[in-house]
Amino acid sequence: MKKDLLGIGDLTRDEIYLILDTAEAMREIGQRPIKKVPTLRGKTVVNLFYEPSTRTRTSFEIAEKRLSADTLNIAVAASSVLKGETLVDTAMNIEAMAPDVIVLRHASSGACHLLSRICRSRVINAGDGMHEHPTQALLDAFTIREHKKRIDGLKVVIVGDLLHSRVLRSNVLLLTELGADVWVCGPSTLVPIGVERLGVRVSTRVDEAVKDADVIMMLRIQHERMNGAFIPSVREYFNTFGMTPARVARAKPDVIIMHPGPMNRGVEIASEVADGPYSVILEQVANGVAVRMAVLYLLAGGVEGD
Amino acid sequence: MAIVMDADRMSKSLARIAHEILERNAGPSDVDELALVGIRTRGVPIAKRIAAAIHGINNHEIATGALDITLYRDDLMRHAVGPQPLVRRTEIPFSIDDKRILLVDDVLYTGRTIRAALDALIDFGRPKAIQLVVLVDRGHRELPIKADYVGKNLPTSLSQSVQVRLTEIDGRDEVEVQES
Chain A
14 MKKDLLGIGD LTRDEIYLIL DTAEAMREIG QRPIKKVPTL RGKTVVNLFY EPSTRTRTSF
74 EIAEKRLSAD TLNIAVAASS VLKGETLVDT AMNIEAMAPD VIVLRHASSG ACHLLSRICR
134 SRVINAGDGM HEHPTQALLD AFTIREHKKR IDGLKVVIVG DLLHSRVLRS NVLLLTELGA
194 DVWVCGPSTL VPIGVERLGV RVSTRVDEAV KDADVIMMLR IQHERMNGAF IPSVREYFNT
254 FGMTPARVAR AKPDVIIMHP GPMNRGVEIA SEVADGPYSV ILEQVANGVA VRMAVLYLLA
314 GGVEGD
Chain R
223 MAIVMDADRM SKSLARIAHE ILERNAGPSD VDELALVGIR TRGVPIAKRI AAAIHGINNH
283 EIATGALDIT LYRDDLMRHA VGPQPLVRRT EIPFSIDDKR ILLVDDVLYT GRTIRAALDA
343 LIDFGRPKAI QLVVLVDRGH RELPIKADYV GKNLPTSLSQ SVQVRLTEID GRDEVEVQES
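Chains as they are written, first to last, in the numbering used here: chain A, 14 to 319; chain R, 223 to 402.
This is chain R alone, in the form it adopts within the complex (with noise of 0.2 Å):
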């Protein structure tokens, strides 16, 4: 129904987002240490976005990963009915030990995601640090997790349902919030 984001705010959303990573590592080998890692479905091509912002800044290759976290989900086994959820592949092609790792996803909703995501990861090692970037805060949280970059803050109802569309994945960049 309604497109709250269009393709041109969106790549400004990102460009605003790759400017305030940087000054937020802004010490003398931070830059060094970041990596990014998307959540599957749709935080992997916004990851590789920021990536490519970054590289437009200060010319800096930052190591991009994908991540699954079907495998961690809390509420996997609850549903007596229904098939199992589609578990992909988790990509991360570097070590992330002590690097500052930039968790991306697109919607930041009950943060349970983002649990899973955080268990995910430190499985694969022991980061510097881990920072939540997110391309829509649209609330209702239902645990205590907090984004450290956002595209941007969208107050919804809870029938509301938010739909991150991608260029890469849904041919078209856009976000809309539905009626559901």
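The shape of chain A in the complex, shown without the other chains (with noise of 0.2 Å):
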């Protein structure tokens, strides 16, 4: 493993399907009576967080407490960031506080290379603008995985909001590197130019992608995102991309619901769905933990090359 995890594209296939082997190992942690081992003991962990989060730096923080780290969260609503300071300056501080590694939530795509370069401390990526979501295409696989039994081969339908979405990216990544065959599914306007070029297949008509489906993977519309007017109307939006019962048929009768969360009842994803026999978005959660543990617990040990 590097030095850090900034994003999927760092991973070897190898070191995808070690981290995922290892969150098997973790996930039975977590059914014990006393839930911790002393695996990180001493070591201290900051969870700094730019944007609001519940899932991922809950998760995070779990995951830690599990293997006995030190934690703290800054939540930058209450820091000196609000007094002007800059991330790398707050970066600096922290880092002068030496702790062992850092988890950084940013609205700035790329502000995770940049503390990765600063800081002698490992960079663990929860999300960076619209960039990469890495731990969250790690759970997501490991999920998959876990009903499918593989992931070399399956039809993996991704609809939503593509442009905003660093879930996409990181899930994009993953899975063409493991082999499904993924198609990506939204309003033109919100499809980033150049999609393609990512081994996915492109389509807008939701009725036409989910076809055969062996996992439907459902992207939150971020409107706190959307500048402009990417779509008419959350109504229609519901109406013509929207996950409900009658699209979910047209899937595999074995399909999988997913959703990274949280999720718009209503916009991207009708209730009977989301609480349906085929959603799987609990375990998404609950395997959230095993696999930010199996990262932890790696990047913990030593570099290659060091």
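What the simulated footprint calls covered on chain R by chain A, stretch by stretch (three residues with Cβ under 8 Å from a Cβ of chain A suffice, anywhere in the stretch; the number is not a length): (1) 308-316; (2) 343-355.
Selected chain A positions facing chain R (in silico; Cβ < 7 Å): (3) Thr35; (4) Ala38; (5) Ile47; (6) Val50; (7) Leu311.
So these bits of chain R aren't anywhere near chain A, every CB distance computed over 10 Å: (8) Val253; (9) Asn281; (10) Thr332; (11) Leu340; (12) Pro366; (13) Ser383; (14) Arg387; (15) Asp392.
Derived by calculation from the structure, the hints in this document are not laboratory data.
All residues carry an ideal CB built from backbone N, CA and C; glycine is no exception.
Make one complex out of these two single chains by using the hints.
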């Protein structure tokens, strides 16, 4: 493993499988009466979150605590950033207190790469702008593999706001690397230019895209990142792209429905689907802890070529 | 280089250990409280063989589990270079509370693996007792740990390595001592 986990693009196929296999072992710890192992005792992990997050921050924190790391959370809303401190200055100050790992969530793409260059601590990307969210893609792959026993050859359809999604990019990189047949689908205003170069098939017709799918992955409509008129209305979006039971019925009978959260019910996904028998959305959340434990454990070791 | 235990000797050793376990746990409810926990990798098949041997003697089914001690190792974060050791799954599908746990490993050497295993086990509950079973004791302890049941005491030098091979993993049963 490299020093940091900045994106799926940095991982080899063997490293991806190593993380997924290690996560299998980590998951068992969460089922014990005492959900804690001493592995990262004495290590300090700083969770530096510049964007609101419930799932990812909680998931990282639980993962860190289960490995016995000392964790501290910096929510930017209550920090010196509001007094005008730059990311670099904040990072240098945190670095001066010698943490072992910094987990960073930031609204700007590439913020983790910047941190990685100036910090000796290991940096884990917990989502940077519209770029990558590698641990989300890893937990998605873990969940798919658990249900389908493989990833190679599966038809995976990703539907929704493709343009603003870091989850999309990380998932496409990971799933194509592992041999899945990946389709992406959304309104043409929300399809990033050149996305087909990532090795995916692009469709703007959801009924066509979900046909015979093994996995349907929904992406959130990201109201907070939309400055222009990308969709006419929420109602129309739901009618054209929303995941309804009728659309799910076009997929394979054993299809699984995924969503990285937070969900907009009635916008990209119908409640009957989100709470339905094919939904693995809450399993994704549970698996997130095991996958993040695996990443923390593997990164805390030595660095190849050091 | 030198094969110090062949398949026949190994199966006799494990049969003897099974008998010793029953002799040492001879109280009226003792045998019901027994459970075997093998340390990955090679402690796991050895534990299963001992369970089968006990079943052959008195028809009792002894529960068997697998313990991975990687996350409890005392040398984990000491190496500046090299990847982390592989973590494998711990599977103890029974409560260890108030059980007589027989902890099983292939080779007893420094004792550090056993120390880690004891810490790991205690995180699962509070057994009535833990007894240690090893196929080979090669000496050179660095911690105050002693086996309760030993297949073979094997005096070695620090420059030697002891390789246990088992049919389930390696295709044949033998113990070899190599000069390194």
